[in-house]
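Q: Required output: the full structure, derived from the provided sequences and hints.
Residue strings, one per chain:
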Amino acid sequence: MISLRHITKRFHDGEREVAVLRDLDLDVAAGAFTAVVGPSGSGKSTLLYVAGGLDADFDGEAVVAGKDLRTLSARERASFRNGSVGFVFQSFNLLPSLPAVENVMLPGLFVPPGIPAPSIGQLRGRALEALDRVGLADKASRLPGRLSGGERQRVAIARALLSRPAVLLADEPTGNLDAVSGEAVIQLFSGMVRDGVTVLVVTHEERVSSAAGQVLHLEDGRLR
Amino acid sequence: MRLRSLVHLASLNLRSDLRGTAVNTAAACVGAAALVFFVALGMGVGQAARLMFPGDARLVEVVPGAVSLGAALGGGALDDGAVARLRELPGVDGAWRRLALRVPIAASRAPEGVRMNWPTGFTVQVPVVGVDAGLVSSDLAPGGKFDDPPAGEAIPVLASRRLLEVYNKTIAPAWNLRRLPPGLDLMGLQIPVQVGFSIIPLKTEDRVYDARLALAGLSDRVPLYSLAVPVETVRRLHKEYGKADTGYSSVILEARRPDDVPGIAAAVRRMGFAVDEGERAIAERVGLAITVTAGALALLALLMTALAALAIAQSLSASVRARTRDIAILQSLGATAGDVRALVLAEAALVGLAGGVLGVGIAWLAARGVDAAALGLLPDFPFRPTTFFLFPAWIFALGTGVSAAAALLGALAPAALAARVDPARAIS
Ligand SMILES: Nc1ncnc2c1ncn2[C@@H]1O[C@H](COP(=O)(O)OP(=O)(O)O)[C@@H](O)[C@H]1O
Ligand SMILES: [Mg+2]
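Chain order of the listed sequences is A and B. All residue numbers for the first sequence refer to my numbering, where the first residue is 1 and numbers rise by one. All residue numbers for the second sequence refer to my numbering, where the first residue is 1 and numbers rise by one.
If you are wondering where the hints come from, they were derived from the structure by calculation, not from laboratory data. All clues stand as given, with none of them false.
Where chain A lies over chain B, by a calculated footprint (3+ residues, C-beta under 8 Å): (1) 11-21; (2) 324-330; (3) 335-344; (4) 422-428.
Far from chain B, by Cβ distances over 12 Å, these chain A residues were calculated: (5) 5; (6) 19; (7) 22; (8) 61; (9) 129; (10) 135; (11) 137; (12) 190; (13) 210; (14) 222.
No residue lacks a Cβ here, since even glycine has one placed at the ideal position from N, Cα and C.
A: In structure tokens, the structure reads:
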């Protein structure tokens, strides 16, 4: 489901060029729950952005959910992000001005041309269902600022699942959460894996990696 | 991105920043209001002026040239030969004679058929000018004839269309006469007159006899304070009273197109005649003044609209910069650069449309207010307009369209800025 080959990612820091990922290979089977662990600054987020089609500026070969990311146009990459993958971030990345349900509806607003798009009303219905699945049906109209950290992350998960992607990419999803909330998030991920979603989590937390079926270590730009 | 999604998200964004939205809408509104107000004012005042000075842009009034010059160039009197030559000028469609009556005519009784409190002993001198029927044929009442009548029959006359208004607004109140009700059918109205009588005793002719004038129509081609009769009637009266034939008072030339007028006027002057600019020149000067003033005010309004666009550009740029991360989040969820650009443009368009609609409404209300104030303050005068504004349907489209276009224009740069956000960099 995720196949990265010889991935090299460089950043230009003024004159200096720093290779964060160096000839990295990664294989994640469909329906697997994989964790990548590594210290802060090791390149975990960078790896996730490459795999998720947010960063197209890399060397190597990346095939995710059947899409060869190197060959996609910017528009096709957006379509890939919209339908093939879901993102969950450490800092939730909800739009602070929109109520929870509107945040969850967002991916449905960007359905690319050629794919039937739901009406706003249908979209709201689906978003409420998704919120119900993460146990937040009663807080749908709250602004993110009036939700706890754990609740915000569950809203973000509901949003990531709205368009039923094959792959879920999570960047330190429990980094800002207390033990109980973090545990709830891990439970949700495990449930998704049971439903057949391929989950790739990058983290430096033991409690997340212990729930994963496969744990890889990112060191010196490579996975071990 | 579907239109419904675009509108949904754009309006959500606008609602989440009510203050900024209100400020931008107000900016767009001021420009649209000023534009619509001034354009409507220019058109309204223009229309009022056209009612006051119904200058026909195709008419040229030829009058005899200065004596010495005319004699030297073979011009001089406007006789039938001159009329024939004038009719042959390129661009001229018709030439009609005007001959002022030099026999005094006075009215000392009320017209027959209207109830009027004509003061006893009150006599009005009636200035009369003879005109060719062709000049006024289209202004004749249906079935009306404009020929010199057989002896004893009423002489057909045409009055200035504006005389009625002037009579009601100035003459009647000043002399305490009854005003003529609007819509009154005056056609066929008979006015008893005394031919040869003058209120200046020395000017009264030896022979004075009773005659009747019959109103055959109203025309803008009749001088304001005179009555027009057939030119043959004037020539007959001149003969009856032994007045020498000194040529016509003027000849009215009708140009094929208004553009032909300057060329015709120049040719007329080369023939040794003069051109009486008269009311047409006033009308043109007034029209030009109004057009220039209204144009300047509309330009000012456009400038205000441009300033509004700048203000919107400024605040949208700031808003886009503040929302860089939000934009990256939308991109992570599948928004393309085009979607992001469209979103910013849609927000601006909505603001521009709302501001435009509001501005048009405010302009309309302001116009009503100005009308009410002006009409309350100004005394009643001839051709006093009931409104100084004209609001054709297209002006509403203009107001909202210009406002939306200005907002969109202002949003171009911020939209491009938004479309350049790099999600990988901005999201972390
Ligand atoms: N846009 C960037 N420009 C330059 N350097 C960057 C950029 N993004 C990340 N880096 C560098 O790449 C390295 C890896 O970053 P990141 O993938 O965020 O690590 P992690 O998520 O494991 O903490 C860090 O040293 C960071 O400073
Ligand atoms: Mg990171």
